[in-house]
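Participant: Listed below are the residues making up each chain.
Protein chains: 2
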Amino acid sequence: MEENTIKQETPQFGKYDLIAELAKYFPNANASTVVGIGDDAAVIAPNEEHVVSTTKVFMENVHFDLTYVPLLHLGYKVVTVAIADLLGMNAVPTQVMLNVCISNRFDLKAVNELLEGVQACCDNAHVDVVGLDLSTSRKDLIISVTALGECEAARMVTREGAKENELICVSGDFAAAYTGLLLLEREKKVFESNPDVQPDFTGKDYLLRRQLRPEPRLDIIEALRREDILPTTMTNVSDGIAAAVMQICKASHVGCELFEEKLPMTEETFVTLKDLDIVHTVAALNGGDDYELMFTIKQSDFEKIKNIENISIIGYIKEEHAGCHIVTGDNVHVELHAQGFKS
Amino acid sequence: MEENTIKQETPQFGKYDLIAELAKYFPNANASTVVGIGDDAAVIAPNEEHVVSTTKVFMENVHFDLTYVPLLHLGYKVVTVAIADLLGMNAVPTQVMLNVCISNRFDLKAVNELLEGVQACCDNAHVDVVGLDLSTSRKDLIISVTALGECEAARMVTREGAKENELICVSGDFAAAYTGLLLLEREKKVFESNPDVQPDFTGKDYLLRRQLRPEPRLDIIEALRREDILPTTMTNVSDGIAAAVMQICKASHVGCELFEEKLPMTEETFVTLKDLDIVHTVAALNGGDDYELMFTIKQSDFEKIKNIENISIIGYIKEEHAGCHIVTGDNVHVELHAQGFKS
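So the protein lines, in turn, are chains D and V. Per this note's numbering, numbering through the first sequence is continuous, rising by one, with the last residue being 360. Per this note's numbering, numbering through the second sequence is continuous, rising by one, with the last residue being 360.
This is chain D alone, in the form it adopts within the complex (with noise of 0.2 Å):
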């Protein structure tokens, strides 16, 4: 072998240089984290007995559009659903780790933007950014988010123990997000067949916004802990109510019985579905992307959760047998579905 021929890759500003650059962006916060970005792995020092751990992956045209979704709005929505599994378990996020997988159609610009969403979620859910990485995919942008939080053992929440006459309650609102992706589809075909229309979404910020944006429920899991309720199960409600009802039924060996009327929704979202023909409690059955949260409490909570704000007690955890049923406006019982393979 000729030793004077160790010739090797020309010197050039390689991927672990962009990712020092680029980890910039997270300075880190939390006592617990103890090695971020730029070794190995990520190294935490848990304050609570139990590590709660979740991974996510995105891709583009499956999970998102970038027609119609700002990378801005992506880092922030990535982070918010990695995020949602964490609460689902009632535990604190505290740290997320990210993979990005960009093409040559994305700039530096581009993942800059990518970034600048992730550290606004990041910040507002005081959450630090442990893991950077950057792969070449072939052309679509895939990123994958892992999740870390923390929670004492005895605060913890599955699926698994809600028992028969327990209230069923949610966070917040639904079909927002699936109502805003409706619209969003439709001025994009719109669009598509003639670039000279204008897209109008007056009057659709709320949708748009739970769509594009959403937030983690961090304030709900504060809240419990502020008065003191410890529910019996709890789930994050990702692909619509029915989905997460079921789960919780499956997991606690239990059925439920829902009330079509106590489902949370904003007149924005009821005008806009009847606007677009789609029956309302359809949508918030089985729409997606609410990133609300589901949980069961016993009845000697009833007082202590009016304490709540955006609160909905829903319906009740009957025995096994009754089955998974939502009650009509005019007192018809329907049986809830399972759904079907979805990405």
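No wet-lab data here; the hints were simulated from the structure. All values reported here derive from a predicted model rather than from experimental measurement. Check each hint, because a few of them may be wrong.
Repeated chains share a single entry, so a pair holds when one copy, or any two copies, can fit it.
Claimed, not checked - No farther apart than 27 Å at their CA atoms in a straight line, the calculated lysine-lysine pairs in the BS3-like style are these:
hint	residue 1	residue 2
1	K206	K156
2	K315	K335
3	K156	K205
4	K156	K323
5	K41	K267
6	K32	K180
7	K323	K32
Place chain V on chain D using the hints.
Facilitator: Quick look at chain V alone, frame taken from chain D:
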């Protein structure tokens, strides 16, 4: 609204049923696993002070090529690669979470094969699979693996802290996986130009195995504990020796001198690289996919390190302004170069 028109999706074998079915591959064995697959997020109760975490994304036709990578081996390898970053912190891996994004090109048998590979590696490494999610991809197979591990605070090792005159050690041997990749790529081209020609890999088993089914070097982490050696810095070697040593030097603000003759390589790798007309030292410095460990130790640990098999001392740490060099067989000093952007 017409109450009786609450039409819902037809019940079918859903995503969550499939995940529940596939979860049977992964019974949890570690005491620290509190909640595994099937709830909003995984929950662990670490035994040690520090939780170490990393996420890797693997994309078809970027990180792997299914024309010659069997799904069984792919499943094994993605776990090895994710775990390797935890080992690079001197941590013990305990849990992994998996996100698999598949298109309709893949059937359930393919998913099963992939997960069997995941299971095999997790079994070998005594790691629990605590998260499993499936998504629809447009075409390519995309896999995200998050690995979680634990480390006593006092045994955690970062890339920072190497001091002048310390010894630079690596586990195993190098360039075998890179050479295996070259062989696979060469035979793929032969096959594409003439599908009647069968690939000839006689005597290349080790090279192919290092590329297709690398082993996590958990044995090294265990041996370091057994011999009571605490490295001063440590990193996983995934992109060649040069990138790894320069990352340690950069983080530690030191320089280094490596010796070409000390770089460990098997005869099989050496001979095959010669046949392929590639300078073997370049392959060891810049070839990827080794997933071996590099670490620095105090000179006082020199006697103890000899008790661990498969460790080579390849150089030593110098002061920062000396830079990073490799000394060739005929005593020429060649400067090491950083690699450019690599996925």
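Participant: When no copy is specified for K315 and K335, does a C-alpha distance of 27 Å or less occur within a copy, between copies, both, or neither?
Facilitator: Answer is within; shortest intra-copy Cα gap is 13 Å, inter-copy 66 Å.
Participant: Checking an output row: K156 and K323, CA cutoff 27 Å. Within, between, both or neither?
Facilitator: neither (50 Å within a copy, 48 Å between copies)
Participant: 27 Å Cα cut-off: does K32 pair with K180 within a copy, between copies, both or neither?
Facilitator: Between copies, since 26 Å is at most 27 Å while 53 Å is not.
Participant: Is it within, between, both, or neither for K156 and K205, if the alpha carbons may be no more than 27 Å apart?
Facilitator: both (21 Å within a copy, 23 Å between copies)
Participant: For K41 and K267, with the copy left unspecified, which applies at a CA distance of at most 27 Å: within, between, both, or neither?
Facilitator: between (45 Å within a copy, 17 Å between copies)
Participant: Go through the copies and call it for K206 and K156: within, between, both or neither, with a Cα cutoff of 27 Å.
Facilitator: both (23 Å within a copy, 24 Å between copies)
Participant: Should K323 paired with K32 be assigned to within, between, both, or neither, using CA atoms and 27 Å as the limit?
Facilitator: Neither: 52 Å inside a copy, 35 Å across copies.
Checked against the numbered hints listed earlier, the structure breaks hints 4, 7; every other hint is satisfied.
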